[in-house]
Amino acid sequence: MTISTAPVQVGAEIPPAEPPGKRNRLFAWLIVLAGAVYFLLPLVTTGYWSLRAVKDTLGFEAYRRVFADPAFVESFTESVANAIAAIIVSLLIIVPTAYWVTLRLPRLRPVVEFITLLPFVIPAVVLVFGLIRIYGRPPLLLTRTYESSRILLVGAYAALSFPYMYRSVDNGLRAMDVRTLTEAAQSLGANWATILRKVIFPNLRVALLSGALLTFAIVIGELTVALFLAQHTFGPFMANLTRSKVYEPAAMALVAFGLTWAAMGLIAFLTRPRRKVTR
Amino acid sequence: MEAVDTETERVKVGGAQAKRRKGPPRTRLVSWLGVLPFFLFSAAFLIGPAVILFYRSLEDPEGGFTLQFWGQLTSDTVMRAYGMSVRLSLTTALVGGVFGFLLAWAVSLGALPRAVRSALTTFSGVASNFAGVPLAAAFIFTLGRVGVITAVFELLGVDLYRSGFSLYSFWGLVLVYLYFQFPLMVLVMLPGLDGLRREWREAAENLGATPRQYWRKVALPVLMPSILGTMILLFGNAFGAHATAYALTGGLLPLATLLIGQQISGDVLNNPGLGYAVAVGMVMIMAIAIGIYTVLQRRSERWLG
Amino acid sequence: MTILLILGLIMAACGGGGATTTTGGGTGEEVSPEMQTLIDAAKAEGTLTTIALPDDWCNYRGVIDAFKAKYGLDVNELDPGAGSAEELEAVEANKDNPGPQAPDVVDVGIAFGPQAKDAGQIQPYKVATWDDIPADAKDPDGYWYGDYYGVLALEVNTAEVANVPAGYGDLLNADYNGQVALSGDPLTSNAAILSVWAAGLATGATGTAAAEAGLDFFGQLNEVGNFVPIDGDSRTVGIGETPILIDWTYNSIANDVALAGNPDLETVVPADQRLAGVYVQAISAYAPHPNAAKLWMEYLYSDEGQLGWAGGFCHPIRYQAMTDAGTVPAAVAEQLPSTEGAFFPTVAEIDEAKAVIVGGWDSVVGVTVEPSGSG
Numbered sequence: 008m009t010i011s012t013a014p015v016q017v018g019a020e021i022p023p024a025e026p027p028g029k030r031n032r033l034f035a036w037l038i039v040l041a042g043a044v045y046f047l048l049p050l051v052t053t054g055y056w057s058l059r060a061v062k063d064t065l066g067f068e069a070y071r072r073v074f075a076d077p078a079f080v081e082s083f084t085e086s087v088a089n090a091i092a093a094i095i096v097s098l099l100i101i102v103p104t105a106y107w108v109t110l111r112l113p114r115l116r117p118v119v120e121f122i123t124l125l126p127f128v129i130p131a132v133v134l135v136f137g138l139i140r141i142y143g144r145p146p147l148l149l150t151r152t153y154e155s156s157r158i159l160l161v162g163a164y165a166a167l168s169f170p171y172m173y174r175s176v177d178n179g180l181r182a183m184d185v186r187t188l189t190e191a192a193q194s195l196g197a198n199w200a201t202i203l204r205k206v207i208f209p210n211l212r213v214a215l216l217s218g219a220l221l222t223f224a225i226v227i228g229e230l231t232v233a234l235f236l237a238q239h240t241f242g243p244f245m246a247n248l249t250r251s252k253v254y255e256p257a258a259m260a261l262v263a264f265g266l267t268w269a270a271m272g273l274i275a276f277l278t279r280p281r282r283k284v285t286r
Numbered sequence: 604m605e606a607v608d609t610e611t612e613r614v615k616v617g618g619a620q621a622k623r624r625k626g627p628p629r630t631r632l633v634s635w636l637g638v639l640p641f642f643l644f645s646a647a648f649l650i651g652p653a654v655i656l657f658y659r660s661l662e663d664p665e666g667g668f669t670l671q672f673w674g675q676l677t678s679d680t681v682m683r684a685y686g687m688s689v690r691l692s693l694t695t696a697l698v699g700g701v702f703g704f705l706l707a708w709a710v711s712l713g714a715l716p717r718a719v720r721s722a723l724t725t726f727s728g729v730a731s732n733f734a735g736v737p738l739a740a741a742f743i744f745t746l747g748r749v750g751v752i753t754a755v756f757e758l759l760g761v762d763l764y765r766s767g768f769s770l771y772s773f774w775g776l777v778l779v780y781l782y783f784q785f786p787l788m789v790l791v792m793l794p795g796l797d798g799l800r801r802e803w804r805e806a807a808e809n810l811g812a813t814p815r816q817y818w819r820k821v822a823l824p825v826l827m828p829s830i831l832g833t834m835i836l837l838f839g840n841a842f843g844a845h846a847t848a849y850a851l852t853g854g855l856l857p858l859a860t861l862l863i864g865q866q867i868s869g870d871v872l873n874n875p876g877l878g879y880a881v882a883v884g885m886v887m888i889m890a891i892a893i894g895i896y897t898v899l900q901r902r903s904e905r906w907l908g
Numbered sequence: 019m020t021i022l023l024i025l026g027l028i029m030a031a032c033g034g035g036g037a038t039t040t041t042g043g044g045t046g047e048e049v050s051p052e053m054q055t056l057i058d059a060a061k062a063e064g065t066l067t068t069i070a071l072p073d074d075w076c077n078y079r080g081v082i083d084a085f086k087a088k089y090g091l092d093v094n095e096l097d098p099g100a101g102s103a104e105e106l107e108a109v110e111a112n113k114d115n116p117g118p119q120a121p122d123v124v125d126v127g128i129a130f131g132p133q134a135k136d137a138g139q140i141q142p143y144k145v146a147t148w149d150d151i152p153a154d155a156k157d158p159d160g161y162w163y164g165d166y167y168g169v170l171a172l173e174v175n176t177a178e179v180a181n182v183p184a185g186y187g188d189l190l191n192a193d194y195n196g197q198v199a200l201s202g203d204p205l206t207s208n209a210a211i212l213s214v215w216a217a218g219l220a221t222g223a224t225g226t227a228a229a230e231a232g233l234d235f236f237g238q239l240n241e242v243g244n245f246v247p248i249d250g251d252s253r254t255v256g257i258g259e260t261p262i263l264i265d266w267t268y269n270s271i272a273n274d275v276a277l278a279g280n281p282d283l284e285t286v287v288p289a290d291q292r293l294a295g296v297y298v299q300a301i302s303a304y305a306p307h308p309n310a311a312k313l314w315m316e317y318l319y320s321d322e323g324q325l326g327w328a329g330g331f332c333h334p335i336r337y338q339a340m341t342d343a344g345t346v347p348a349a350v351a352e353q354l355p356s357t358e359g360a361f362f363p364t365v366a367e368i369d370e371a372k373a374v375i376v377g378g379w380d381s382v383v384g385v386t387v388e389p390s391g392s393g
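Residue numbers (the working numbering), protein chains in the order written: chain D, 8 to 286; chain S, 604 to 908; chain C, 19 to 393.
Worth double-checking, as some hints may not be accurate.
[Claimed, not checked] Estimated spans, in silico, between C-beta atoms of each pair:
#, chain 1, residue 1, chain 2, residue 2, range
1, D, Thr-278, S, Glu-805, 27 to 35 Å
2, S, Asp-762, C, Glu-241, 17 to 25 Å
3, S, Glu-805, D, Val-118, 35 to 43 Å
4, D, Phe-276, S, Pro-824, 33 to 41 Å
5, D, Thr-278, S, Val-719, 17 to 25 Å
6, D, Tyr-45, C, Ala-180, 29 to 37 Å
7, D, Val-118, S, Leu-759, 49 to 57 Å
8, S, Tyr-658, C, Gly-222, 45 to 53 Å
9, C, Asp-234, S, Leu-759, 36 to 44 Å
Hint data in this document are derived by calculation from the structure and do not stem from the laboratory.
Every residue gets a Cβ at the ideal spot worked out from N, C-alpha and C, and that includes glycine.
Start from the sequences, fold in the hints, and give me the full structure.
Now the structure itself:
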């Protein structure tokens, strides 16, 4: 897209001599630094307390106890699997929905947004017991076995991710000119499925990554729904290990933080853009 | 190859949009089918439990119909709890929104190394859900009475707690809530900020605009629908939070979610009908908030044509 | 954690050892024909689903493991941190559910017993040792029955607190500025609301007047800045944030053992008021494994089960009867704190006091009485 070079108006302000980029960058660094201090300080102090498990010394005893439990790896991998499933389900539902609401059904927007914000106002306890009441009896019996309950769990997690996934995707759609892209694709002969697959999804990379990361975090740490559905995921494991303890919770918090961060780094890496996206 | 869709008018790129005619019935049907999975899924996992919630708020212990719990919603205790919850959510949404936006700006448009953006993105992913007891504990470790930073201040001669600061207060809770509000704002605003075309900035500069004018007249209006949408998300996020508040203030501050927990999860009270009624009230407050947001958002969109 | 586990297992084993000299415990022991039928029926069901039984609460870890070992049943443990209201909701919501989410048995605060009975959520069952349970700790029809009790005590972190308080009255002392906490929100935590009442009873008042006095006490405590309004637990005591916590003796002692001196805790049974709290067991009316549930109850109320709880520093409900019969080993008796002079309120008295405290907590101690610095 070429830049229109309209003549500069007489008397207009002359841009400052120094490149605005430098001042911007300094300001940006300051903000990031302030953010870093705010975020890292509580983690550092948690780390300090996690090292005090043995009296009067600083050591990794609390961490040893955390890792010594065999259920650690099991429950973590189970949660990761649940997370990936929930992300996929959520993506597949939210992206078309946001797309059509933006493009064709703007009147539905408040309704859809209200529904996507429901997870915030339905307490987790109410949600899980509601699900048990609905799916815990014939004819919709889903809670008979551990595996079938797991399906219920993943469904609930996908629903819990709606606020975050929808908002990210909506922001992403606003950032791209959806209407123009759709019409251009249509005039090239694409049908809806192709448009979604080849035009919309690829341009939503950043938005989908945000939504996926947020969903992943929710699922890994989720506790209430998993507990009452009798699922052995990471949340209940952590709660069990750290109940009534002093030093292990600090160690556990940092370990969980680190593991989740690593997993997210992996997700971000795997979904990085392959080619430079030109505008 | 599909024939060219004659129902649509060709639109000039970058020009104002011509008024569109409604699509053919087939297109509308496709649109409705497109959102059907969402409605079915929501019905199955969200609306179903919400209906149960609603239904049980109208049920007395013997199983009959009653409005007594809804009546109790106007009591002092409940109204104070709603007020405090709204106040807390608004405060953290605003503060979280502003600084979160700055952070997102810093890593997307602030000409910082890509690694900083990746680090912030992934960190935000984790921090967005770092809440409840671990978060409260982390802040107690930091700014509690025996916290590390409190001790540092003491070394410098300042007794934080005697001079009026307390982590266990409204502002202390705000400080802690921001830990998951900032990352949420960052992650959800980044896609929007990425959409700010560099060309717009350059065009504005060529027209003689200062950075402030660019932001006031171009960038912020473009971003406003996204900003509003994300702030309502932050509002909802704080509104529904519960574990962090309980761990940090043990119920000293009245909040709607704590009230619900007292009735349906606790070891002292067991009046689920009231708990569900309070939750229904929260749903209504949320609906009002969305209403206000929708109005603001439609007005902000008008600028975009 | 390891230390506690070992201690718990030793206690359970000692309990088992003590029990083989009496009826109703140990393998190779003679059991009545009814008991054998029950054992067989339970084994046929194969599994028991429990809820809200934390490992270190009254040594439930040891008790459950011993039960599993003795009868070869699986125990499916649901949310150990569930509150009483959640337990009953779980019973209710799962009523037609044959899956692993439906609890068979519950352990709830005593005030929840009558409620659950009225709501039809529990079924009656009288264990073999029914008569040993004191009358005001059980439902005459057998729907719910007290299981263990403890006294409210002060859990003190002696590394932070030089001058250990002797009772509730001392807590208003300026020495303890910013140090005293409850184990949660009095409107949510059973121990917390009873702590408020206990503080009031310590002033000499009784009944609902004591509840009012308790509210005033905590209002004062908050005003002078001694009250730390957070959800206190072993962690906040251990790091020194709430070095004085009002909680059950059994939790306090168990924490002390678990921390093994890092830091040192002291459990102070208050001199001015000993308020006892009883929890009750019940079988779900919709239990998917009713025989396993009944066997579990029989086990818990056998000498072996009761001594298992004693290993967690709880007083089992049959303690008096067992002491009289001489079935409590000296080592176990020594570990348990004295509950002499303890006040065991009835359900009615508890409900009355609770109503006062619940109604007044927000206004007397809540955000309207703002400590300096709060918004």
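A quick look at each hint next to the structure:
Range check, Thr-278 (chain D) to Glu-805 (chain S): Cβ separation about 30 Å, and the 27 to 35 Å hint holds. For Asp-762 (chain S) and Glu-241 (chain C), the Cβ-Cβ distance of about 19 Å falls inside the hinted range of 17 to 25 Å, so the restraint holds. A C-beta distance of roughly 40 Å is found between Glu-805 (chain S) and Val-118 (chain D), which places it inside the suggested range of 35 to 43 Å. In this structure the supplied range 33 to 41 Å holds for Phe-276 (chain D) paired with Pro-824 (chain S), their Cβ-Cβ distance being about 35 Å.
The supplied range of 17 to 25 Å is met by Thr-278 (chain D) and Val-719 (chain S), whose beta-carbon atoms lie about 19 Å from each other. Taking the beta carbon of each, Tyr-45 (chain D) and Ala-180 (chain C) are about 35 Å apart, inside 29 to 37 Å as hinted. In this structure the supplied range 49 to 57 Å holds for Val-118 (chain D) paired with Leu-759 (chain S), their Cβ-Cβ distance being about 55 Å. For the hinted restraint 45 to 53 Å between Tyr-658 (chain S) and Gly-222 (chain C), the CB-CB distance of approximately 48 Å keeps it satisfied.
The given range of 36 to 44 Å is respected by Asp-234 (chain C) and Leu-759 (chain S), whose C-beta atoms sit roughly 38 Å from each other.
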